[in-house]
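**Q** For reference, the chains in residue letters:
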Amino acid sequence: MKWARAAAIVFLLAVSAMCLLANVIAPASYAHQFRDDPNASPSRQHLLGTDDLGRDRFARLLYGTRVSLLLAPAAALLTSLLAAFIGGTAGFVGGWVERCVMAGTDLFLSLPWLFLLITVRALLPLNVSPMVSVLITFAMLGCLGWAGAARIICADARALAQSDFILRARASGSDGFRLLWRHLMPNLKPVLYAQFWISVPVFILTEANLGILGLGVAEPLPSWGSLLRELESFSTTSAQVWQLVPLILFIFVVSSFHLVLTKEELQV
Amino acid sequence: MKKFLAFSILSIALGSNGLLAQTGGELHFCLRSEPKTLNPLLAADDASETVRYLTGGVLMRVNRLTQDLEPELATSWKVTNGGKTITFQLRDGLRFSDGTPFSADDVAYTMQQLMDPALHSPTGDAFRSSDGKVETQVLPKDRIRITFPAPIAGLDRLFDQVAIMSAKSPQKEMAVLGPYYVGENKAGSYLILKRNPNYWEKDPAGRPLPYIESVRLDIQQNRDIEMLRLTRGEIHFINSLDAEYFDKVVAQDPSMAHDAGASLDSEEMWFNQVASAPLPSYKKAWFTSTNFRRAISKSINREDIARIVFRGHARPAVGPVSPANKFWFNAKLQAHRFDQKSALQMLAQDGFRLQDNVLRDHDGHAVEFSVITNSGNKYRERMATMIQQDLSGIGIKLNVVTLDFPSLIERITQTFDYEACLLGLVNDELDPNAQMTVWLSSADSHQWNPSQKTPATTWEAEIDKLMRAQASTLDPKKRKEDFDKVQEIAWQQEPFIYLVNKNALSAVSPAVHNAHPVVLRPQVYWNIDQLSLTSEVARNR
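Note that the protein sequences, when read in sequence, are chains W and Z.
Quick note: the first sequence uses the working numbering, first residue 3, plus one each step.
Quick note: the second sequence uses the working numbering, first residue 475, plus one each step.
Hints are computed from structural coordinates only; laboratory data are not their basis.
There may be inaccurate statements among the hints.
Between beta-carbon pairs, the in silico distance windows are [stated by the list, open to error]:
| # | chain 1 | residue 1 | chain 2 | residue 2 | range |
| --- | --- | --- | --- | --- | --- |
| 1 | Z | Glu609 | W | Leu118 | 38 to 46 angstroms |
| 2 | Z | Asp519 | W | Asp108 | 33 to 41 angstroms |
| 3 | W | Leu111 | Z | Thr889 | 29 to 37 angstroms |
| 4 | W | Phe36 | Z | Lys806 | 30 to 38 angstroms |
| 5 | Z | Asp519 | W | Asn211 | 47 to 55 angstroms |
| 6 | Z | Thr889 | W | Phe167 | 53 to 61 angstroms |
| 7 | W | Asn211 | Z | Ser925 | 34 to 42 angstroms |
No experiment lies behind these values; they were computed from the predicted model shown.
Using N, Cα and C, we set each Cβ at its ideal position, and we do this for glycine too.
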């Protein structure tokens, strides 16, 4: 599988380079509307055609990938860190602390947080730039997505806390924060990696869904979410297969991330 | 040969009038939701109104093609007493679908039910011009007189919505006088309407109407599935389509697609002019400036919005009345032309200046504001994005914010915490009285500055005066003059920046004969009793 890993690395580097050089590569601004050419098919001028408003799809894909590739992993990282801290501490300490934290987590999971997001959006000021709106969106996703992962990490931490090597560490004089940080957390890395990689595509799709509810990335800034929204109507897409390119890119990027991490790395 | 030729010509002539229309068969179409009620007096949602239109017998009907009133259960009527009284001459010998005889008592009973405050009938609200009791007087020779406590302008046309109910039938509201009655109702799934054997109207050849034996209304929310069912021949028409689906129908079978032209519905944008709104004072000054509003209006390319967002199935809007409203539209007015040079000149009159591609007011504030619209409506989101680019052409930064509908309504009706709003107006009524709640400065739906104790501006005071004047006279010419002036003021002041009037789009299977889709609702089945199915379809169903 070495060749697959190499290909994935090359692919990710190429995608990252293209996104970083979007200003140079993109044939037009992601916001410019070519009003004489809406819904155009792919051509030399517009490699992936234009969208309903005549905006160059290729330019929007480059900038949208940049936004999503940067912010979805950032939100996933925030979620994973919160989950590691809350779940790891609860599982390690155990007893009434674990019961209280897990009860709080269950309560958090049961909250209809979609409505919470809508409420938060309704309370935000209206005059925010698209970039600020996208930062707020992903920050909220990052802050709200930890509960599920925390339960899993808590269960793992509890099992590890009762394992022989932790017993040996305790016997050697390690305790408290040192035990947690030096011995427990490194052993939670595989499950944290897994949670991180699961969260990335989930957040991208959640951002797309939030866009429908008015909480996503504000126009005219593109994101994978807003690009995937074009696929809402399957009967339209069937006639314009090039609209599937963002979806294909999304699948390839997420798959490549998984391929880049070797089995050994996932097992620490 | 001559006989055959004569017969053929006669057949074509009769056929074109529906005289040889095929009888029988079952017409299928979809409702987007389940009817909330089958009581015609309580109908307020689209699905309930569909059932009311297909089953309810009315005293008179607005012909959706000509927009004129035509007699139905009443053969004639007369409005007297300054618009307070209407007297109907009823047809005799009619029966409800269950065989119960129809009489003036049924009209009196319906009016009593309609005006009962405990019933909260949305249809009845249109008749409530002031406090007081509505009196009905049954007169000899099938006549009835109805007297209202105050004059109601356009009184006769309001009866288009009043389905007459039986005072005596044990079936209550299920006994009807319209072309169909509800035969089967499977909640959440379908309704089957069966042909009313006692329906009063006959075709020119003396054959009883309607031609189609039954109508099946399938409840289907998903528009993609509705489209698939149409292309498979499982349903016979889609009453109202958006531009995207319409173009799909055109691509598949152009003969099915019907664009009846601009509808009564409009899309518009307005600025928040509420004095107590939580906005900086310099922004309030922008929004209350006529020059500012007109400059924004001139900077929006309506032609592009109609062509790109609505794929050519819309036309630039002129004002509060669509050109589809044949009588009330002020034909002197034209849609505002896209002219950013003239917009900048107007702004300069108010001290705005363009500096490094940023428009600044006389105090140096960069012109930036937000427009809110309801999320999930891709047409409005696209319109807002196009306006964003248009306004950037005169140095204005527009932030597009999509909100869930309840949050948006709360902002525009309670907190007034917004700067501009982009929404649409669905208009079913031709008469300007239906717009009283929008144009009177004291009204709740006077969106840019609602519920004013006294008019905030002289032009709003003038509109108040004209709207009240047109509502207090029965002379159509005088009313038209007054309402034309209202349209002119609205055109000049632009409290609403009207963007486009969407076209009335529908799709009808070739299996349906005599379908002539129009702009007024219900676009396709307004002449349901005249529709017929091809013989093959009628036999198979």
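**Q** Now, for every hint given, state plainly whether the structure supports it.
**A** Status of each hint after checking the structure:
The given range of 38 to 46 angstroms is broken by Glu609 (chain Z) and Leu118 (chain W), whose C-beta atoms sit roughly 55 angstroms from each other. Checked against the given bound of 33 to 41 angstroms, the beta carbons of Asp519 (chain Z) and Asp108 (chain W), roughly 39 angstroms apart, stay inside it. Taking 29 to 37 angstroms as the suggested C-beta distance range, the pair Leu111 (chain W) and Thr889 (chain Z) conforms, at roughly 32 angstroms. In this structure, Phe36 (chain W) and Lys806 (chain Z) meet the distance hint of 30 to 38 angstroms, their C-beta atoms being roughly 36 angstroms apart.
Range check, Asp519 (chain Z) to Asn211 (chain W): Cβ separation about 27 angstroms, and the 47 to 55 angstroms hint is violated. The given range of 53 to 61 angstroms is respected by Thr889 (chain Z) and Phe167 (chain W), whose C-beta atoms sit roughly 59 angstroms from each other. Distance hint check: the CB atoms of Asn211 (chain W) and Ser925 (chain Z) are about 37 angstroms apart, consistent with the given range 34 to 42 angstroms.
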